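Asks: Two chains, each in its own frame: build the complex with the hints.
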Amino acid sequence: MRGHHLNRSITVILILICALVVTTTIAQAKGKKEVTIGVVHSLSGPGGVFGQWFRDGAVLAMEEINQAGGILGKPLRLIFRDDKCSPEVGLREAKDLVLRKNVDYLAGTVVSSVALAISPFVKERKKIFIVDTASDKAIMEEHGHRYIFRATAGTRGLAYGAAYYVKDMPYTKYWVMGPDYAYGHSMGDMFMEKIKELKPDAVKVGESWPKFGTNDFTPYISAIMAAKPEVLFSSIWGSDWVAWLKQAKPMGFHEKILEIGGEKGQIENLVPGGKDVPEGLVGGGFFMWWDPAMATDVSKKFVAKVYERTGNPHPSTAVQTGYLVTHSLARAVKKAGTTDTEKVINALEGMEINWMIGEKGVPFKSKIRSLDHHYGSPILAGKVKFVPEYPFPVTMESKLYSGDQIMPTEAQIKKARGQ
Amino acid sequence: MDVSDIALQLLTGASVGMVIFLIASGLTLVFGVLEVLNFAHGCFYMLSAYICYTTVRLLADTPGAFYLAVIIAPLTVALLGLIIEYSLLRRVYKLELLYQLLLTFALVYILGDVTKMIWGLEYRSTPTPTALTGSILLLGREFPIYNLFLIVFAAMVGGGLWLMLHRTTFGRMIRGTAADREIVSTLGVNVPRVFSLVFLIGAWLAGLSGALMAPITAAAPGMDVAIILDCFIVIVIGGMGSMGGALLGALILGEVNALSILFVPKLTMIFPFILMAIILIVRPWGLLGKPIR
Numbered sequence: 001m002r003g004h005h006l007n008r009s010i011t012v013i014l015i016l017i018c019a020l021v022v023t024t025t026i027a028q029a030k031g032k033k034e035v036t037i038g039v040v041h042s043l044s045g046p047g048g049v050f051g052q053w054f055r056d057g058a059v060l061a062m063e064e065i066n067q068a069g070g071i072l073g074k075p076l077r078l079i080f081r082d083d084k085c086s087p088e089v090g091l092r093e094a095k096d097l098v099l100r101k102n103v104d105y106l107a108g109t110v111v112s113s114v115a116l117a118i119s120p121f122v123k124e125r126k127k128i129f130i131v132d133t134a135s136d137k138a139i140m141e142e143h144g145h146r147y148i149f150r151a152t153a154g155t156r157g158l159a160y161g162a163a164y165y166v167k168d169m170p171y172t173k174y175w176v177m178g179p180d181y182a183y184g185h186s187m188g189d190m191f192m193e194k195i196k197e198l199k200p201d202a203v204k205v206g207e208s209w210p211k212f213g214t215n216d217f218t219p220y221i222s223a224i225m226a227a228k229p230e231v232l233f234s235s236i237w238g239s240d241w242v243a244w245l246k247q248a249k250p251m252g253f254h255e256k257i258l259e260i261g262g263e264k265g266q267i268e269n270l271v272p273g274g275k276d277v278p279e280g281l282v283g284g285g286f287f288m289w290w291d292p293a294m295a296t297d298v299s300k301k302f303v304a305k306v307y308e309r310t311g312n313p314h315p316s317t318a319v320q321t322g323y324l325v326t327h328s329l330a331r332a333v334k335k336a337g338t339t340d341t342e343k344v345i346n347a348l349e350g351m352e353i354n355w356m357i358g359e360k361g362v363p364f365k366s367k368i369r370s371l372d373h374h375y376g377s378p379i380l381a382g383k384v385k386f387v388p389e390y391p392f393p394v395t396m397e398s399k400l401y402s403g404d405q406i407m408p409t410e411a412q413i414k415k416a417r418g419q
Numbered sequence: 420m421d422v423s424d425i426a427l428q429l430l431t432g433a434s435v436g437m438v439i440f441l442i443a444s445g446l447t448l449v450f451g452v453l454e455v456l457n458f459a460h461g462c463f464y465m466l467s468a469y470i471c472y473t474t475v476r477l478l479a480d481t482p483g484a485f486y487l488a489v490i491i492a493p494l495t496v497a498l499l500g501l502i503i504e505y506s507l508l509r510r511v512y513k514l515e516l517l518y519q520l521l522l523t524f525a526l527v528y529i530l531g532d533v534t535k536m537i538w539g540l541e542y543r544s545t546p547t548p549t550a551l552t553g554s555i556l557l558l559g560r561e562f563p564i565y566n567l568f569l570i571v572f573a574a575m576v577g578g579g580l581w582l583m584l585h586r587t588t589f590g591r592m593i594r595g596t597a598a599d600r601e602i603v604s605t606l607g608v609n610v611p612r613v614f615s616l617v618f619l620i621g622a623w624l625a626g627l628s629g630a631l632m633a634p635i636t637a638a639a640p641g642m643d644v645a646i647i648l649d650c651f652i653v654i655v656i657g658g659m660g661s662m663g664g665a666l667l668g669a670l671i672l673g674e675v676n677a678l679s680i681l682f683v684p685k686l687t688m689i690f691p692f693i694l695m696a697i698i699l700i701v702r703p704w705g706l707l708g709k710p711i712r
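Chains as they are written, first to last, in my numbering: chain A, 1 to 419; chain B, 420 to 712.
So that you can see chain B by itself, here it is in the shape it has in the complex (with noise of 0.2 Å):
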């Protein structure tokens, strides 16, 4: 094993890294602002895939199918969210912590079976659209051109979201609201209404996610579960409600992943593990998180 293998076993951590970067902010920032974990937030990831393999079965010979379904998708599954927040979500706000949690758990189940009962159990594979087949010389090994189109996808998407919360009125509703919804309402904000926003952007991201996984996976039951794990993994080490502890816990859980499964392979499952019992005894509110009130 020589420099270029570790490289390039580092940039394979990056790669599917940066997509669990996008659903793990969605779920980051609607803990930020609404103060609510979603748990049926893979779902959305899950349902997108599904509504992406339709889509591009549905469009066989379209040219550009592909990314026909990476808009549409996603754009579904917000729809989806909006409705879940608006008609759902909305009535559980003035009760306790745990009804908002048990709701979006039963969500979890109710749309894992919409799930099966649209597409049935068997797996969906969506075809890799061939603009971004076949691989690159790197290193002196082949790497997978989707795998680069994800890292630099999910980079613009998160410098998008980036410039939305940093740059714009709106993200400064939306930060204001997250640090504090009730003096934000006195200066005039729509705080419902930014609830939803934010939710129906949270439920995007997951929905970009798995519609950017499509072609390298299969879309099946469970995966909603699967992913879930993951995304709480990386809030925690990153910040419960920070975008950029979001970011730094997804590189952060995929480069040790890459690197465990090169050196001590026999323990890579409990790796995410134990990085996030780290931060939970050292400093539990992650690395960029901020101290809990």
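Chain A with its partners taken away, still in its complex shape (with noise of 0.2 Å):
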């Protein structure tokens, strides 16, 4: 008798295996009645305010697109995971959102190493993959393919725009200091590269890699002081940076060294530093809303609609780069007729962008590269001051760097590629 009920259980569950596959085979087979874009950001841990915010732009954009018409008719849908900055979780949530959710495209991340992880899957799977914060230049260059695109500027071109804005100091005696992980290394090495190039006597005079969650940083402080060099290039980031500024400050590092770095003229950054943050620090970034040099109508007025829209006054890039990513899918969709992946990458490619920054209130523009599939995204760099208008340190007097000058070249791609 016990034997007959377990037949019949499994029967039953066999029975049920097979309807559930069958429902959802068919509901994939039937045309998608909307488009989506499947995102794996950071929404927690040390990246977790990245993720966040690029929710945001990217949920104004959606509604924005969906109050307009949608796209090709049909609605456009988000789909956010936490990857929890962990590239298995981030490759797990990918393959969960191509092969289950069925989504139309990827967008993510913020930790380069998630972005590394997932590549690899969009290749071979055939998915457009829309990388913005995660910034290792080898996303783009050694691991580039056909089907991954980038909508801000990598590891290469954020240092050498720090480069470039000291070129013309007089400083000689360099010290690079950064995350040890890849990010790290490549701004590091970046950075040297190009501050060699730019002025043959620069020197490298020494290097620290604290490990990323590194809550103490004063033995490095007194081993860099002791080198006296004249700057430090740095790409520490999130609050281990708030808590380097925090000990710099009396062991007076900053009066003796001048610090740049490749990001260190963000929102994120110069916020949570706020006064520890010393003026004259040199830093870059990719939208400087507050900077007169830099500010156009267009930033101005997405900053009031992001403050009315999430009571955000002070919006980071990552919210302008949720924004812009979402758009420029939903454009390039439009252009090519169809959401077919491989007519939607032609579409991508060539596209002209509006950046929403700008030299004298013009917004910049750049058309998404089909050689190494870069948007254009332009660099910025300036020096940090305290100004009456802002609650926390704005950098200002910004520089913008653009196109070859922060781009890889066709030979330093093939080369990183080992073609």
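It should be emphasised that the hints constitute simulated quantities derived from the structure, not laboratory data. The model shown is predicted, which means the values in this text are computed figures rather than measured ones. Any given hint could be a false lead.
DSSO-like, lysine-lysine: derived pairs with alpha carbons at most 30 Å apart [stated by the list, open to error]:
(1) A:Lys383 with A:Lys399
(2) A:Lys199 with B:Lys685
(3) A:Lys173 with A:Lys32
(4) B:Lys535 with A:Lys211
Replies: Dropping the structure here:
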């Protein structure tokens, strides 16, 4: 009798499984009624703020797109997943979004190692993946391919921007510091490569590689000060940088050494840094809407809209990038006339991108490169100042670098890919 | 580079090293007595840093706001620790060690999310108390007063802990429970209560470290995971269950780190793990630990 019941249970379970498989396959076989973008981003952990901001911008764009009738008559839907700053989790979420949720396109991430983990999967599955905050140049250079795009600049561009800004300053002794993972090393290498090219007498006096998540920088500060460099190029970010600033202040670090950083001109670094950010620090970034040298009517309108929609008066780059990535995908699909991946890629290549910031109030324009799928984002760099309009330090007198100045050449890409 | 540079470097290695000693001693105490490795120990550290931030903000104009926060924040997480021990951990003592570990591991996720829900994802910066800002001239260079404060304060707390463990009846009960809980309970010691109090002390030590670190770091998501790794390395080197081992381990870790930054910067990240590997091979019970029965 027991065996009979067991057989029946197994049969029921098997029938249920078959029903599940059949219904989901039918659902997928029927034409999709909406266009979906899957976003794998950090919504928790040390990179969590970025994912949250990206989501704010992306949702804003999605609402605008849907209010205007959607994409090719279909509504746009965004599905957000938290990669918890982990490559394993990020890849798992990307797989789920593509294989089970059947998203049309993917976007993400904050942490470079997550983007690098997802990249081979999207290449194999032939899904478009637009990378934003994750900036290791290896994502687009060494490991770039047809299905991956970058909406910001990579470590090459960020480091180059810092080098260009300081090249006319009378310094030759540089110290390189960064978190001990691919991003940090990439930034450091790219900076020294460029500064040596611009100033042949530039010397690397030493280097420091604190692990990401270091909370005690005092031994680093004393080691660097003992060697007496003139400039510190640092790619420390997040709460680590806040700790660094707080600990460097009583040791008089910034009275003796100029600190420069590829991303120190970003709000996510300047706001938490607060009063501990030294004036004169050179910081790079993408979206310096507060600097009269870079603001435009477009940036002013966007900042106002973000404030109205989210209550955040000081949007960071990631809000703008989320907005831009979403709109650019929508435009590309409309241009292609179909959601088919290959046709959308063709539409993206060469497509014009209007950035929100620019020199003399004119928004900067670029075209998405067919060579390596960089959106052509410009890099800004400026000097930190405290001004009465903002409760946090801001970069001012910023300069803009773009195009060939900051993006890899065809020869560099071929070399990186071992071709 | 000269001798004074190296001496100063060693001093920097000791300052946060002493704070690591405090939090590691909490972890090792809980392990020694309850035989539970509390993965969520770093969460007490993190929560206390956030509570310290909020307390200082709320008491903004009160003189001594920070010092009040250093009292309030660790006590709050200690209370949380007590509640966790009494309501959750107690239920899994009679089960295999694995279940206890799973429980504390689950708490890491839960407490991490609770922190995110209350304080969000942005970094929270606590200002340094005015009396402890600035630096003094030491060996020709400026050394932060706050770091000196950390060394002195942590040493005092460490001394107080030693006195408690070795000169009070309660301390004797703790040491006895750590040595052999069955015999000690036949002698009339209320072992479950000792467990609860030890867990409370452990959480308090983690909370104290978090509050002390708040002015020189930023309270941020992920800081619980970052600190627990350092704690594990320290107690493996020093010996699990040994307070003296926690001190020795923390100082060794701090100094090796400081010297590697000066002399072999490319390898800084791996030195703690090399140390741990050497200990595990040569003396797996740690420098001051006892060979495992």
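Asks: Holds or violated: Lys199 (chain A) with Lys685 (chain B), Cα cutoff 30 Å?
Replies: holds, 25 Å
Asks: Take the C-alpha atoms of Lys535 (chain B) and Lys211 (chain A), compute the straight-line distance between them, and say whether it is at most 30 Å.
Replies: holds, 23 Å
Asks: Given the hint that Lys173 (chain A) pairs with Lys32 (chain A), does the C-alpha gap stay at or below 30 Å?
Replies: violated, 59 Å
Asks: Quickly compare the C-alpha distance for Lys383 (chain A) and Lys399 (chain A) to 30 Å and report which way the hint goes.
Replies: Cα-Cα ~10 Å, so holds.
Of the hints listed earlier, the one the structure fails to meet is number 3.
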